[in-house]
Every structure is written in structure tokens, then in C-alpha cells.
Amino acid sequence: MKLYRKEGNIVQILSFPNETVEKGDYLLVEDGEAEKALIVQVIDVQFATIPGVLEELLRSLPDGGELIQGEDVDPLEIASHITYIQDASLLVCKIRATVENEYLNPSSSWLPSRSQSTIKKLPIPTLLQLAKTNGNLPINLGTAKDSSPFTIDASSLDGRLNIITGKKETGKSHLSKLLMVNLVQYKATVVVFDLNGEYLSLGMTTDGKRNVNYDKIHVLTPSQNFKVALKQVNLHVLLGILVHALHLPGTSAREFRRIWKELREKDQLTLHELGEAIRNWNCNQHVRDALFSRFHALVNSSFFTDNIAEATLLEESLVKAKDHGGAVIINLRNTSTIDRQIVVEYILGKLVESLTSWKLKAAFLFAEEAHLYLRETYWDDIVTRMRHFGIFTTFITNQPDTIRENIYRQADNIFLFNFTNEHDLDVVSRAARVDAETVRSIARDLPPHHCLTLGKVVRDFPIVARVKALDIKTMGETRLFFAG
Amino acid sequence: MVAAVDTSTMKIAETNTGIVIAVRGANVWKQKENYRYTRLGPFIFHITEENRKDIFNTLEKAYFTPTRDQNRQTAPTLQQMPTRIAGLLERWLQAMLTKTMNGGLILFDGSLTSGTTDTPIRRMKEILDNGRDRKNTVLAFSKMTNLRVNGCLITDFALDHRPPYLLQTLGLRLKPPMVTLGDVYVAKLSKGNCAFRLDIDHQIPPESRIEAVEKLLGNDLISQSYPETLRLAHILCTFTANEVLAMQHFITRKCGLQIINRPDMHRLLFGSFGKGENYS
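Residue numbers (my numbering), protein chains in the order written: chain A, 8 to 491; chain B, 17 to 296.
To be clear, the hints were calculated from the coordinates, so they are not data collected in a lab. Some hints here could point you the wrong way.
As the list claims (entries may be wrong) - Straight-line distance between alpha carbons at most 30 Å, and here's what the computed BS3-like set of lysine-lysine pairs gives:
hint : chain 1 : residue 1 : chain 2 : residue 2
1    : A       : Lys9      : B       : Lys231
2    : A       : Lys475    : A       : Lys463
3    : B       : Lys48     : B       : Lys115
4    : A       : Lys329    : A       : Lys463
5    : A       : Lys43     : A       : Lys152
6    : A       : Lys127    : B       : Lys270
7    : B       : Lys270    : A       : Lys128
8    : A       : Lys30     : A       : Lys127
9    : B       : Lys115    : B       : Lys151
10   : B       : Lys151    : A       : Lys9
11   : A       : Lys273    : A       : Lys329
12   : A       : Lys139    : A       : Lys194
Here chain B stands alone, though its shape is the one from the complex (with noise of 0.2 Å):
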């Protein structure tokens, strides 16, 4: 079995005192022939200054042991609150996973790296434990890297080899305390301009990281070099305009707010100069 996840995150409105965020996750697996998925939200949350860190610490302490390191830590800013709710139920989706497939594979959106805020080591190393307990392969598939050798993106590196293909990467080092719980490779598993960092649990032997790649493979759809599992996880989760029109209405309608467009202020000091906000 095939399966992958992924969460989005949007801010919906802004109030007086702080923003109303979305968030949602999907989990999609491929048992057979067809594609299944669970999706869960759109959850909404209206975060100020004043319930950012209780709202924080309530959802990170009712779905994980918080580590010693965290209790230190200082909740999320309000600009990083969507990202980072967002991220606390992309581990929880991605922990749950690992704790109920048996012999899979597991599609992560993103690397494997920690030590960061929002993935504490002891987090992913505990998804990656449990995974590899229950004969799961973890590959994590990151759209964007910023890994470089000699100046270039690793992704950049075009061989005289028909694909698909694997890279492995030696010798790389994080800045500390960021740590890397897989090895990196450079994956083009189809024809076409794309190619992808892709982690693997290094805990895992390097024959059976391929052997993983090859289920992968033979198992999956690929188009431009993306497994179809994951692409579906992210179509399923990602807000379309139409479901922010609806969560605009359900505010409304549940909460008694009025919706009033912000004035752009590129478009007001700049007229037809300014592109407005979203291009800044």
C-alpha cells in the first residue's frame, strides 16, 4: 500500500485583534487499483495575541508528549500560527499513519529534517520509529530545496542517465541543532524537466531504500517524477476559492462577523502602479 499526507493552511479574514485561520489535512492511499482518501477539516481558528499561545499549547499537548525542549519554548508568533498549526496536524496525520500501516509505503510532503521549532527531533524520530517497527518505508518528497553543491541546487544536476534515477547525496551538514533523519538523494523517477530531494529514513539499509523506490515505482502512478498518491493529498487539502468563500460564509453566518474587503494599499497610493499586496 501506498499512502501520503499533507495539510494547507489559510488566513480567511482578519479581525481587530488578531486572524482567522483554516487548516485541513488529507490522507490518500492507494490499496489496489483505486485511490482512498480521509480528509479531515476545514478546522477555523481565531487567533489573537492573547489565545495565540493557549490555542498553541493545548493542540501540541492533546495530540503529543510535549519534549523538555518545548516546554521552554515560546508560543509561535501570530504570522507563524497558520504554519504552524498547520504542521502540528501534518505530524499528528503523519504519526497516526505510521502507528496503523503495516509493510507500506508512507509519502511525507517535505523532508525529514528536525530540530527545528516545529519539528522537535524527538517528534520525527518517533514517526520514523514507529514506521520502520511496523515494516513501513518513510519517503519524504520536498517540492522546493535549497540544498546546493558547488553553487548549484542539487535538484539542478542533470545526468547523461535515462531516468528514473536516484542521487544519493554524501556529506552533508545542517546547521545545528538541525538534523537530517534520513539520507538526501535527488529522485527523478519519470521523463520530463522535474526532479525532487527525496529523504529517506537512514535507519533503513540502503538496499531497501531502493527496493522502497522500486514499489514506489511499479506500485504508484508518476508523472513528472511526483507520485500521484501525494500529488492527491495536496489537491484534497488545498483551499480552492470557492471553499474560502464558504468558510467566509460560515463565519458569518456562525459567528455574526461582516466580511469587508481591505482597501490594497498599493492599488490606492499607486493606482494602476501598484500590483497590490499579493505581488510585494
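The shape of chain A in the complex, shown without the other chains (with noise of 0.2 Å):
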């Protein structure tokens, strides 16, 4: 490999084709006399501009389009250094860091000598040593594009946004149940918003037997093995879920917020007697059909009991996650809308109250097409407000543009799978901790299963990984017609 040419932060590198050189690959461009390296990373490979290849190529297409055919005696085997300089392809490069004495410092501002310098294959082992990306809590995400093992920290997630990102069928929500996992093993809490029921297996393994993570994993469906009872509920929250989820206007919130006091005083706080102290409340007729309304969506959710002995206390599956680490899986499959809403605003509500209290010292949400369910001011909620009280998301999608361009910009770390559709690949590259032209080049080549990653978690050195296989029987697959 020879250095070509540098502009800004982007090198050229000619490769010859017995130098096997991929996207995503890094390059390690020394200048021994400079004692400093550079670190280089392919975004895209290109043929070499030879001149007369067109010659070449169309000298061999004169009969319609066919190859025309014939002998060629050439005694002193010219024909493979053609084919060795027309096969000559340019690396473009994004500079990642130089390396001097062993330290990384993220400058491009020198230039290494292009006749003297070495270029070699970086492996991502010695990439990762460098950027000092081991720690004490290791994830194993699976192979390197050098198939070497691919490890990040559990700490580098540690109070993080994340977003794992990809087209259909590329291997999102596996990433994600294998982030899970490790968390929950090292006595994390974490709780999942699921809304195709494909975490509730988490504890089984492939042929149905129960796995390490059995206990750990807490599967609640709401109207189901999930109920709350209204005694168990904090005004607040139920408030939330009127406001935010049930669009209750304020003027009626105010008359709800007197009638629960009323009811919490006489401990009577029971769905029949709020309905009954709705009916009887002294108040606008107007007011009183809004606050009706809602109740009787609360009613028909089935998420709400009278029956404390029916009522699953989500604290309970909370603290038992808080002491052994666990995950807390919400099954949203097959709820409704409304009813899904109601659920999420309560989780999230009870979540800030266990944190506040101190209840639970921190807990990573993994929330799959959060859109579906998240109200609008919830976003810059989680972003913001929520991971000072020790909520780390992790969003999960395939329609990138669903999420907001400020969650991109304030996301600490990216799982990005295959895109091709150029709007999805926009959207993802307007994320601060990488350059659009990575994104761009590598997303759209990515195979299934490999995911480019991004962020601190590799400290800013985009590395291709293929994501390892799971031993976890696989739910939430597509239902086929013609599957036999």
C-alpha cells in the first residue's frame, strides 16, 4: 500500500490487489522518521484511476458486446502485471488519531512522508488496546471484521444513551436481548418496553430448557399478570396517565386531583368509588363527562384492580432486579394503543419514584419503537431530566427518522445494522460522535448481522463487528403464510 494523497482528514491509499483491504478496516500509516503513526480507518474502496483502462475494457467488447476470442502468446507473462495495476483500487480514508509514544491524540494536523511511510492492517485487538476500551465489566458483542473477539465494557453503557438502529430482519433486537443479558449479569436492572413480545423468552435457551438468566428475568403483561390497584398509585402518576396518555384537559385534572384527595382520605380509593364520586361530584357537566370518559378507559384497560391481591407489584419485580440484577420485561403485544400508553406512563412514573426514593440506584430502559408509545415531552425527558435520576435508555428501531435529530446529537452510542434507503442513512448521520461519510459508506454494506458501532463504547473508533448468536429461544418472529 502506498500513501496517495491527504485532504483534510481523508487520506487515499493505493492498494494493490494482493492486499486484502475491506470498508471499515483500520490502517496503521507509520512514518518512522516522524516517530508518529496514523490512524486511518477505509470508508470506501474505489478502483485506481489507471489510465487507458477504458481502452483496455472496450478493446475487448468490439462484437456487440461479446468478448471477442483468441490466443495470446505473451512469453514474458506481461498479462498479470495488467491485471495486477488494473486491479489497483484507492482507499479513501477518514483519519481516526495519531499514535505517538503509544498515545492517541485525535489531530490530523501532520503529514506523514508518502515515500517513506509503512502502511499495514491495524487489528482491532491492538486498536482496541490502544483506545483503552477494556474494563472490568466485559461484553462480548462477537467478532471483529478480523474475527477477533469484539469487547466492550458494561460501564461504557453506564449511564448512557443508546440507540440500536437498522433495516428489518438485520439483527437489532438480537443485539439488544445480548446487551440485556450480560447487563442483568453483572446485577443490573433493566427494564424493556416490548412490544412484540420478543424478550419473554430471555430465560429459555434455544430448545426450550431454562437458562442462568430464568430467575432474573420478570415478564409482566399488563392486564394479565399485571394489575394495579388504585391504592398502589401515586397521584401523580395517575395524573400523568390522564394528562399525557388520556388527554384529560386541565380544568378537569384539578377536579380529578380533588376527588382522589378526597377519596385517599376516606380510604376509599377504589375504581367503583371513583366512579361513583365522579357521578356525584358537584362540577361542570362538562367536566364531569371528560372525567367519566377517562375512567371508564382506565376501566376497559383491565390494567387497573380493585383486588390488591390480583395487583403485581412492579416495585417487587424492581427490587428483586435491584438485588441479584434482573430484567423487567413490559409485554405490550397485544395491547392497545391507548392501553399501551396508560402502561408506559405508569412505568415511567414509578420508575422516577423508585429513583427519587432511592429505591432503585439505577435502572437501563430498552425501549423498541419507542414512538408507538412515548409521548412527545417524554423524549427530551429520557435525554435529559431522567438520566439524572439514573434512567439509561436505550432506544431500538427501524425507522431511524422517528426518533428526534436531538436524541441523535446527544447519543452517546450507536449499534447501527444495514440501511440503504439514503433518508434513513440522513438521519442516522446527523449523530455528534461520527462523521456522516462513515455512516453513509459503511451503513449501506453492512451484511445482516454486523453492525457498525459507534460512540464511547468503542471511544470514537467506528468498528464493524458480526454480532454473535445467541443460546435464547427466539420469539417475535414474522407469521408466514407459505411457511410449511
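From these two lone chains plus the hints, build me the complex, please.
Written as C-alpha cells, this is what we have:
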């Protein structure tokens, strides 16, 4: 390989056919005299502009597009040299850092010698060692492009905002399960909004047996094994549900507050008593109607119950998870949009409550297709306010434009799977932790189950990795009509 | 069958003692609907003042029987060597074709003029005789000609006649010792602006010559009055820039030579007013 040109933080390297370099690979451009080296990442592989190639190709196709047949008597075997020159490629690389005395420096302000520099592939383990991504809580995600194990540290997910995105069936949920399982094994508390029931079998192996995580997975299905008694609910949590999920106007909310206080004083916080109180409350008819319609929505969700024995405490699951590590899976499959919003409002309210009262230290929240249940104002809450309470969110989506631009800008880590659509790539490339060229060029060519890892987990060295297989029973597969 | 021969040469480097050249030749023939080729080379020679005579004589002795005149001749100069070696290869390819083909049309690039230093009369005569013995007709197309009538190039005569047509030239005289072994025509074989000098072996009866051109029109693609077989032969033997790089790569690897770009004196002296040596 030979250094060809440098423009800004882009370096072009001439590579010959016997040197196999692919998009995403790292190269070390060493200048022995300067005692410095550039770490560059290949973001595109192009044909080198060799003079005469067009003529070469044209003359082999003179006969209506069919190759002209013939024999070449080439005693000096020049043909192999022609192929060698013709197949030379130009590697477009992005400068990631400068190495000087084994220390990394993000600068690209110097120019290595074009004639004296040596260029070689930089193995991913060496890069990770230089970048000091290793920690005490390793999570093995799979293998890097050079087949070396690719490990991140769980602490780099702690306190961070993460996004897992990519088009359908590329392995997003698989990666989120892998992260989840590893976090649980490090005794972390994980809460999952499971839209399609994909995470229900995290405690089972592929052949249906219990795995080591079985006791740490708590599946809560709203209105089935997950119900809430009004007595267990704080007023502000319920008001959150009424105002944000059920869009109760402010005046009606004030009246509801009064009703609630009166019932609580009388220790009559039941659905039945609440209904009666609304019926008999001395207020404007419109307000009563508004309160009644919301009351019926609560009743119809079957999420609320008067039977304390029937009510499962979310807090109990969270406490169990807090002590030994565990994942609370909120199964939102078969839940209507309104009910889903009610449940999510309740859980987020409860989580904040538990965290502010230090019943919980912190929780990792995994939210699949959050735009389907997260209200507008929560997005900002999650990236700013909730982070301080100790809720560290991972968004998982195949529609990157459903996540706001400010979320991308503040995301600490992005696990990017394949996207071919330009619009999707544009959206993701707004992330602050990576340049748009890298995202556009590498993400487009990622094979299934390969992700481009960006952000703090890799110390801003984008790394392509093949996500390893998990011995977990898969759920949430697409139901097929033609499947045998 | 229609067959054609062409060769090309290229100087690929200069050394302290001489030049490095490459030569390549191509035979192309059209059989039924398909074109096929045999391409020989590239052959790379390092020619110096010391070895030029040996190289030329060795090649000539290996492929042709030297004529009495030739034995007295001196070897070409260093500058002439690329074209002379390519000329030797071209004549040898032509000779092989005339000795192996039967009842076909053989297209040469150039004229049937002989008696020059690179084409002795005997050698050209031998090639034509061999061809005739095997019922072949040699048609030689020249892209450029210096033959003029009343000061005008013969290929510039525009006849008010629909192509294809042949215009026969009469009373042509060449400077001795040059002679032409063919009758010279201006051939305009298709629509367009191009016409070419066409030499046809003069020992072939006139009606057979016309018949040969008719056969060519019927059996080969003609574009801009030029036969496709000959065009392909030219294309296949011409060196592309990529191939020159490859040959430079080859000599660097095999002979340990280091290629250095020679400073362009025009650019050096005249800056942006110097157009480079290629334009001088």
C-alpha cells in the first residue's frame, strides 16, 4: 500500500490486488522518521484511476458486447502485470487519530511522508488496546472484521443514551437481547418495553430449557399478570396517565385531583368508589363527562383492579432485579395504543418515583419502537431529566426518523445495522459522535448481523462487528402465510 | 475468411545506454460470424548502440532469409529500431498468414510499396506469391498516403458517385529503388468522409481484384470505409497507458530498474508556455 494523497482528514491510499482491505478496516500509516503514525479507517474502496483502462475494457468488447475470442502469446507474462495494475484500488480513509509514544491524539494536523511511510493493517484488538476500551465488565458482542473477539465494557453503557437502529431483520433485537443479558449478569436492573413479545423467552435456551437467567427475567403482561390497584398508585402518576395518555384537560384534571384527595382521606381508593365519586361530584357537566370518559378508559384497559391480591407490584420485580440483577419485561404485545400509553406512563412514573426515593440505584431502559408509545415530551425528558434520576435508555428502531434529531445529537453510543435508504442514512448521520461519510459509506454495505459500533463504547473508533449468536429461544418472528 | 495483420511498438523507457521498447503484433480473422485473434507479445527489448546490430540481425536471420542487398546494409539507428523491429514482426505475421490461409482475403495495414530499407522487394514478392499460390488475395489499406494528383491527395478526390466504389490510379511512378507490387486504388467502401489508399496485388487479374473487394464488403463489417477485421487488429496490438505502466512494472521487478520521470525541458525552460515535448 502507498500513501497517495491527504485532504483535510481524508487520506487516499493506493492498494494492490494482493492486499485485501475492506471498508471498515483500520490501517496504520507509520512514519518512522517522524516517530508518529496515523490511524485511519477505510470508508470506501474505489478503483484506482489508471490511464488506459477504458481503452483496455473497450477493446475486449468490439463485437456487439460479446467478448472477442482469441489467444495471447505472452512469453514474458506481462498480462499478470496488466491485471495487477488494472485491479489496483484506491482506499478512501478517514483519519481517526495519531499515535505518538503509544498515546492516542485525535489530531490529523501533520503529514506523514508519502515515500517513506509504511502502511499496514491495524488489528482490532491492538486498536482497542490503544484506545483503552477494556474494562472490568466485558461484554463480548461477537467478532470484529478480522475475526478477533470484539468486546465492549458494560460501564460504557452506564449513564449513557444508546440507539440501536437498522432496517428490518438485520439483528437489532438480537443485539439488544445480548446487551440486556450481559447487563443482567452484571446485576444491573433492566426494564424493557417489549412491543412484539420478543423478549419473553430471555430465560429459555433455544431448545426450550431454562437458562442461567431464568430467575432474573420477570415478564409482566398488562391486564394479565400485571395489574395495579388504585391504592398503589400515586396521584401524580395517575394524573400523568390522565393528562398525557388520555389527554384530560387541565380544568378536569384539577377536579380529579380534588376527588382523589377526598377518596384517599376516606381510604376509598377503588375503581368503584372513583366512578361513584365522579358521578356525584358537584362540577360542570362537561368536566364530569370528561372525567367519566377517562375513567371508563382506565376501567376498560383492565390494567387497574380493586383486588389487591390480583395486583402485581412492579416495585417487587424491581427490587428483586435490584438485589440480584434482572430484567423486567413489559409485554406490550396485544395491547391497544391507548392501553400501551397508560402502561408506559405508569411504569415511567413508577421508575422515577423509585429512583428519586433511592429504592433503585439506576435502571437500563430498553425501548423498542418508542414512538408508538412514548409521548412527545418524554423524549427530551429521557435524554435530559431522566438520565439524572438514573434511567439510561437504549432506543431500538427500524425507523430512524421517528427518533428526534436532538436524541441523535446526544446519543453516546449508536449500534448501526444495515440501511440502504438514503433518507434513513441521512437521519442517523446527524449523530454527533460520527461523521456522515462513515455512516453513509459503511452502513450501506453491512451484511445482516453486522453492526457498526459508534461512540463511547469504542472511544469513537467506529468498528464493524458481527454480532454473536445467543442461545436464547427466539420469539417475535414474523408469522408467514406460506411457511410449511 | 477475412484476416488482418497489424503491429505496434512503443518506447517504454530510456536508460543511460539506450532505450527499452515493446513490440506487439496481432492477427485477427473473421470466421462465420465471429472474430478471433492471435496476439503475439509484448516483446520487450533493451536496445543500446552496442547491441542494436546484433538484435536486428538475429531477429532477421531467425525469421527471414537475408537477401544479398541486406547483407550489405547497416543496422537501423537507435531511433529507427522500434519501427524496424515492429516491421520485421509485421512482415513475419503477414508471411505466416499467406502460408497458412487458403482462398481468403488478407488485409495488410499499409501499402505494397517495397524496395525500401525495411521492405526489400524480394520479401514482399515472396509474401504475395505465397498468398497467390493459396488462392488468397492481399488487400493493403493505407490510412495515410502522400500520393498526389495535380497537387491533391488521391484520397481527397470526391466523386459524385454513391459508395462503395474503387477509383483506379494509373501511371503512378515511385522514386527508385521503390516499386509498388500492387495496383493502387482509392477505396471508398461506405458512406462518410473517409477514403483510403488500397493496394491490390497487381498479378491478380483486374476482375478478381474487384471480386475480392466485393467479397470484403459482403463478409466484413465496414465502418468509415475501413474493414472491421483490420480495425480490430490495430486495436488489439496498440498499447494502452495501462499496459505501458504494466511493462514498466515488469522491468522494475524483473530487471531491478528504477523508473524516473525525465524532466520535461520544454516545461522546465518555458513554464506554462512550454507545451511539453509531445507537442514539439
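Numbers of unmet hints, in rising order: Per hint list: 1, 10 and 11 violated.
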